[in-house]
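Enquirer: Mapping to this note's numbering: the sequence shown position 61 is 303, numbers consecutive.
Note that these hints are calculated values from the structure, not bench results. Just so it is clear, the structure is predicted and the values come from calculations on it, not from any experiment. Hints may be right or wrong, so weigh each one.
[Said to hold, decoys possible] Within a straight-line C-alpha distance of at most 27 angstroms, the following computed BS3-like cross-link-like pairs (lysine-lysine) qualify:
no.: 1; residue 1: K595; residue 2: K386
no.: 2; residue 1: K674; residue 2: K687
no.: 3; residue 1: K809; residue 2: K708
no.: 4; residue 1: K265; residue 2: K372
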Amino acid sequence: MKLGSAAMVDFGLGEYITQYPSKRYPIYTRGNAGEVWPEVAYPLTITLTRIVGEQASARAAINAGVISRKDIVEGPSCFGGVFAGYMYLNLSFGRMIAVRTPGTTIEKSDATYYGSEQQAPEYTPHKDDKNTLASLKIIRYGWKMLNTSEIPSLASDRDLVTQWQQRLPALIQSSNQELVAALREIMEPAMHLFTSHLDITGQAGGAVQLLSTICEERLGNRSLALTLLGNLGDVDSAAPSFVLWELGRQVAQDPKLTKLFDEGTVGLEGRLRNSYHASTFVEEFDRFLSEFGSRGPNEWETACETWGTDPISVLILIDRMRHADPAKSPTHRAEILGNNREQNLILARSQLKGLGLWLFNKAFHASILFSQARERSKTTIIDLIHIARLISRELAQRAALQRENGELIDMWFVLETELDDFIKNPSSFDEKISDRKHVREELSKRTPPFIFEGNLPNPSLWPLRKEVNPKEFSPLAVGDTLQGFGGCPGVTEGIARIVTDPSNPGSLGTGDILVAPLTDPSWTPLFVPAEAVVVDVGGQMSHAVIVSRELGMPCAVAVTDATRKIKDGSRIRVDGSSGIVTIVEVPEK
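Using the sequences and the accompanying hints, generate a full structural model.
Expert: This is the structure we're talking about:
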């Protein structure tokens, strides 16, 4: 198997989808990749989209001037890949780009994109890492970024997705062969959108790093950049929380709606739709599903449910939101953060002059522009993926009906190269599907290494998730601290609630501090009632940081093993500027 290809390989648990790691760029990390793909990927999704991801990554990097074709002669796994079903990014490759980028360091790059340096091996220089021509091209690229005032591609990319959305009703009525053709056809616009997203992401990261460096070197406070980027507004990842909050308030303030919710979430959607009194709520709820239906847990994976395909998951979030303290309104908290940002912006500008002030203003403007654009471009991709999801679900449902005991999910266990044969005779794949299901289940029970160097450790030796906590970690005591990265400034105390599944937030309530392994959009509504957020992994461009900045709540990321070291129910203090989490009290039991 070539490095860039993906195939079924037996690691001791049975065959599952994987790639071979790069020798030139040997360090891989789940940092950032875990947010996008938290679960074991499905064979069909990976083999259908692999080339899209690889070519988009190459195009974006070459367009930016950070690499040339000779830097990736080994194959596209230098950007990252799927290993024993889990998605990884290539940390070595990112570090090479940091070496070539004037004004940045490996530590700053790791913190911005990966949140990995506390666990990653130290950087080992390579003779080809430095490249003067690439550095000059990056300077030119950075100059263009600083002088960008608008990004027209955001509108044209949205138009492209809209065209596919308009085609969807007719596609759903098409033949099996036409549905397969559509899945393959949609990969071309997906490649275009992903290239654009990576290009914008690179510029967003560069702008934020530059702003942070100016704050550190000229103003003596690197964390000031976090304050200056608070409450930017028009950030897509945070938007669902504001709408869900209003829906929750509507329920809380209406006795008849409250009664319908008090009867439990089982059958709730039917009760709401059959209630004349709930018609306005249902109308707004459906509007939410139409606008945000592509979002949800593991939203990059077409095999997984989203808010649109599983509306009850949204009602569960609203049910939780209706009990929140009205004082926790995200709009109110965001306004406070916005006022703080404006005051600090005025102060920062008063301390700079000449070229320093000019560069600060340019970096500040670019940070806002590209941070907002990064979230918008991501939403555009997710909406296109949702179209592919709906096409796939139609095809999968038809195939399931042709097989005895067939399930909707079965189709995602075949490879793209097997898809044509599968739709002709689904039953002929019964044994393969059964075997691959078993292997995925076994991989899901295990915790993959957050970082690996060289060859992937044998998955059959990965620790079982249920065994990790009692065998490897002891709860922290009063006064102990954990060091992470500051994500959103502010200092607060609250009861730590360890949540590992956004659909089961346990006893998380108003004023508590959410402690999570990682977060994606499905976690966002849980931020609203919380006092602060602590995340095991994640860089300063991660989902948790971006959303917490919009909601105005302290956040610390890359707090290694916080979900395992902090005892649920402990009282903790979170410093969102320094990233330090302190144990204040520990429950007796």
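Enquirer: Indicate, hint by hint, whether the structure satisfies it.
Expert: Cross-check of the supplied hints:
| no. | hint | verdict |
| --- | --- | --- |
| 1 | K595 with K386 | holds, 22 angstroms |
| 2 | K674 with K687 | holds, 20 angstroms |
| 3 | K809 with K708 | holds, 16 angstroms |
| 4 | K265 with K372 | holds, 18 angstroms |
The earlier numbered hints are all upheld by this structure, with none contradicted.
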